[in-house]
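Protein chains in written order, with my numbering: chain A, 240 to 667; chain B, 240 to 667; chain C, 240 to 667.
One should not assume that every hint holds.
Copies of one chain are not kept apart here, so a pair can be met inside one copy or by any two copies together.
[Stated by the list, open to error] Okay, derived cross-link-like pairs now, DSBU-like style, lysine-lysine, Cα gap no bigger than 35 Å in a straight line: (1) 436 with 552; (2) 286 with 334; (3) 552 with 286; (4) 286 with 242.
For the record, the hints were derived by calculation from the structure and aren't laboratory data. As the structure is a computational prediction, the values presented were derived from the model and not from experiment.
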Amino acid sequence: MLKKEQNELVTRTNAGTPMGELFRRYWQPALLSQELPAPDCPPVRLKLLGERMVAIRDTQGRLGVMDEFCAHRGVSLWFGRNEENGLRCPYHGWKYDIHGNCTEVPSEPEGSRYCDKIKLKSYPLIERGGVIWIYMGPPELQPPPPEWEFATVPLSHSFTSKRLQECNWLQALEGGIDSSHVSFLHRGGLSNDPLFKGAKGNDYNMKDLKPQFEVVDTEGGLLIGARRKAEPGQLYWRITPWIMPSFTMIAPRGDHPVHGHFWVPIDDETCWAWSFDYHATRPLTEHERQAMQAGHGIHCQYEPGSYVPLANKRNDYLMDREKQRRGELYSGVEGIAIQDASLQESMGPIADRTREHLTGTDRGIVQARRRLMAAATALAEQGTPPPGTEPQVQKIRSAAIVLPEGQPFHEAAQDALRAAPNTPHASV
Amino acid sequence: MLKKEQNELVTRTNAGTPMGELFRRYWQPALLSQELPAPDCPPVRLKLLGERMVAIRDTQGRLGVMDEFCAHRGVSLWFGRNEENGLRCPYHGWKYDIHGNCTEVPSEPEGSRYCDKIKLKSYPLIERGGVIWIYMGPPELQPPPPEWEFATVPLSHSFTSKRLQECNWLQALEGGIDSSHVSFLHRGGLSNDPLFKGAKGNDYNMKDLKPQFEVVDTEGGLLIGARRKAEPGQLYWRITPWIMPSFTMIAPRGDHPVHGHFWVPIDDETCWAWSFDYHATRPLTEHERQAMQAGHGIHCQYEPGSYVPLANKRNDYLMDREKQRRGELYSGVEGIAIQDASLQESMGPIADRTREHLTGTDRGIVQARRRLMAAATALAEQGTPPPGTEPQVQKIRSAAIVLPEGQPFHEAAQDALRAAPNTPHASV
Amino acid sequence: MLKKEQNELVTRTNAGTPMGELFRRYWQPALLSQELPAPDCPPVRLKLLGERMVAIRDTQGRLGVMDEFCAHRGVSLWFGRNEENGLRCPYHGWKYDIHGNCTEVPSEPEGSRYCDKIKLKSYPLIERGGVIWIYMGPPELQPPPPEWEFATVPLSHSFTSKRLQECNWLQALEGGIDSSHVSFLHRGGLSNDPLFKGAKGNDYNMKDLKPQFEVVDTEGGLLIGARRKAEPGQLYWRITPWIMPSFTMIAPRGDHPVHGHFWVPIDDETCWAWSFDYHATRPLTEHERQAMQAGHGIHCQYEPGSYVPLANKRNDYLMDREKQRRGELYSGVEGIAIQDASLQESMGPIADRTREHLTGTDRGIVQARRRLMAAATALAEQGTPPPGTEPQVQKIRSAAIVLPEGQPFHEAAQDALRAAPNTPHASV
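Sequences and hints are given; from them, build the entire structure.
Written out as structure tokens, the structure is:
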């Protein structure tokens, strides 16, 4: 349970807020590469951390992002023409390069230097692993490019999607680091979903509904271990790493690809749920890729031409009471992603954490909030650099592993938790 | 005309407001029985007096209602599974009985008493006359079950519906106790509607457009008598009882069933319009029941799968100017219920009573407001128990009756105004 | 760039605001004549300057407008019956004449004078040029009827439309007096639109993208001259008059009709964009009229049964990126009216003028704001009568004219800028 002011602190991310400034110190996924597919393609609107921007890929293929609104009279540059290495405002033809520098004001006389003074706010972008990343913090403190394993394996080995989630980012993250709800909300998925079913670990998941949670602090975040009974004398561990502020990975199952998420605030009441799948040692099969595109696993189907899930709060997530009754779908909602979204959105735009009752299975959630609040406060008050911006912290994996009783999981699984090229995931 | 602060006092019903606390002392209709048709049927969302709840009928058929949100992390229990005598949260499987007591937290170790401390707010429900009633006040002050005649006759004798009305409850109630608008707004209904037409009284209604109103205070509310000219030396009285806070009955017509309403606040800007028809001495005919189901009389048609009227503010109530011009429909809107709803909603979410100009025909409205404000203030300031919670007050009827000139209507019609089993209504 | 309080001053027009009181001193276009086509036709809802009204044409064909809500209990008179020289409330039959006087309260006894005290707020209307005009200011200060040339030529010579614009009126007006954006946003129109193309002046427009602006104060507003290079020693002048608060005319092209606009606040975040075309000396051709009805020129297509443009913010103005890419449509949006609307609406409900960067081409905008603020402030503080309410100020024209270099445009074009019956426009 949080106090009201703590809940405000940890959920609000506009510019100038402590959590907002913390978020701005990390590279965040901003767009899928395919949203800016080619030089001079249409500009794309982008809202992150409460800031409205427009992104382009210019004639030379360079990426750029800037304030959505023209410096002149404030019209949206989304209506602009992306042409000849710049974005031209459709109102009076003012033109901006990828850094937001105004390069032309057509009405100005020859030789005028007027446009030298005009610059839109702009942020660096980088493209890696099929994702366009943004850094919105102070330029002099820009960290090295992101080194998450999913973004560094060949593109053939990974699949990444995003969907709109209509609630604050934190309650979405909290779902991601809460391994215990799988046995309830997602139980259908473990036996039916083509990207989950058939793993030996699933049996442990379904048989032991009383997982024990252990949480270990790491430099960049947490390792959250959930242990369930396996064979006599053995424990089945599902280990979820969380790296600040919102990266998580789901423990693998059998030979399935590994999954993970980012939750990136659009504003305080909506966020992007980023979902990735990858295999460290092999390409995804055609069957796997098709299943992901069809919305299986942690992905979803969309309203046409959008990243809004087809099943959403306006249609009660297409809940099917008959399938719920028969036990085919535990909550009546189809698909792991939408099962999560439906419940997280049902908490309200910003969950009220002053009324909750947490238990032992929420230890990861409690500790993640504590770390976030500590880092945001330290940054705001002492300027302490946030943890986890270094690439080595990002070379991390989730793991599903069977260990003898009595072993500390983070020591016993130490190797399994490090990303190492061409080394298979520890998966059960 | 009210002062601004009076208008606030008499319209606001959230917890802690004087009118809200007054409302909470009475049994209110909450759901139609058919909304919870069978043991273990799907849970139903319910919002009343600003409080969000979820209602179930459990495996044994017992009714229960509780806070909509799970005590654990706050997800909506509407997504829950109603099974084995309780509602189970789909997120982590926490389970609640019909009283909101947590009966199981699956992740807890054997023998844990954790869930003994967890209880959701819950209210008593009772089922009577095809309606599920709720009492949201202090448990120790719970009044006896409701004894309205429509709810105590055999189910074959009655028909009850509800519809969403998109305005404050009070302006809806005020329409219900205002007998004078019938001669204008509903004049088409008196000659066309299968549940109204053909009664002798209708002629009196249409011929005398200047009804005189007399209002008599009763223990639980008011008797509002509207008299019109009948044969020489005779007066046609239509007597509308109002019982606090929002029960009214419409005077009967010929052998038609009698009608009545409750208006129950959902929140300050929407309410449920409950509408019932019944006959004290005979079953409704198949023809009558079909007419009600088809939306005639005081009932309406709905948007599919909802209690939102098909004709509503978003489609200008399907107003037909041509039928209005021809005089076929006085306001161009079809159906008595929607005629009322359209005008009452057009007053705005909460009518501004500081600008109105009342006349003699509004005497019932003026006195009802006065009684409501007095009762709410007395309860808030002196703890005075509200009037009209006793069953005997509820054994009341409306009446349409011809009386000789000069007789006080409430004395002359005394018998006609008492509900008496197997006694026909006084109807003209 | 404005200060925050200046932006508030110049954009807010509800009753009691300085700009609102300024607006109320002028006749404003309120409705198209065709919206009230015949005696006893249906009443029409009308919201202007934040005030909600209902307008009628009574049995004798007289126009009237009054407060939308009945004085009795506040229901919307839009549901009323327009019959026998008055609008009758559908609730209890109260009746109002075109001046808002209550003429009947049916429930009152014979001889009652009750309704003599009941009067709804009402404003004078006048019909001229296919437009119904309203004056919402103090009755004793009512100016003479409007004498704009478009409204005084025969109806065969003119065509007027209106459309909803979903932003504050001022950013719409600013677009109207900004001749420089034509070379960018509307460049397709100059070569394709049947109501614009083929004029010699279009070539000057497209060849010189660096127009020079000169702004001259007049009694009622401004003359904004934009000069571009023509033949050697010659300048092509497009002269836009602006008369307070929101009348503008677009300079003519060849033999095409002349265009003009009013922007009239509905409330602070929406306005009516009025658009007229006329020829001073000849009827519009059938071809021209059909083009206007089809939404060409400065007109548009609508959502069925409304004045909401078919292409609007909810569908991204049906933007066609492919046509934009090919250069067929500069901003990808079809139609001059919607090109303007799309960008002006993209600035937000009320443009933030504290962040803009104005240049030489914005001189007209700067001076118009200055004049508006001065007039509103002088009226509010000293009661100074606003400029430009007199008919002679309204006898003005726009002009497109080629002048020798060195001539002051407003002197050289003096005759061309005066409306004179049966005299052709100065048009190039």
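To see whether the hints hold, each was checked on the structure:
Taking CA atoms no more than 35 Å apart as the test, residue 436 paired with residue 552 passes inside one copy only; the shortest distance there is 28 Å, against 44 Å between copies. For the identical chains of this complex, residue 286 and residue 334 are intra-copy neighbours only, at 21 Å inside a copy versus 39 Å across copies, given an alpha-carbon limit of 35 Å. Taking the closest pair of Cα atoms, residue 552 and residue 286 come within 35 Å of each other both inside a single copy (21 Å) and across two copies (17 Å). Taking the closest pair of Cα atoms, residue 286 and residue 242 come within 35 Å of each other both inside a single copy (29 Å) and across two copies (27 Å).
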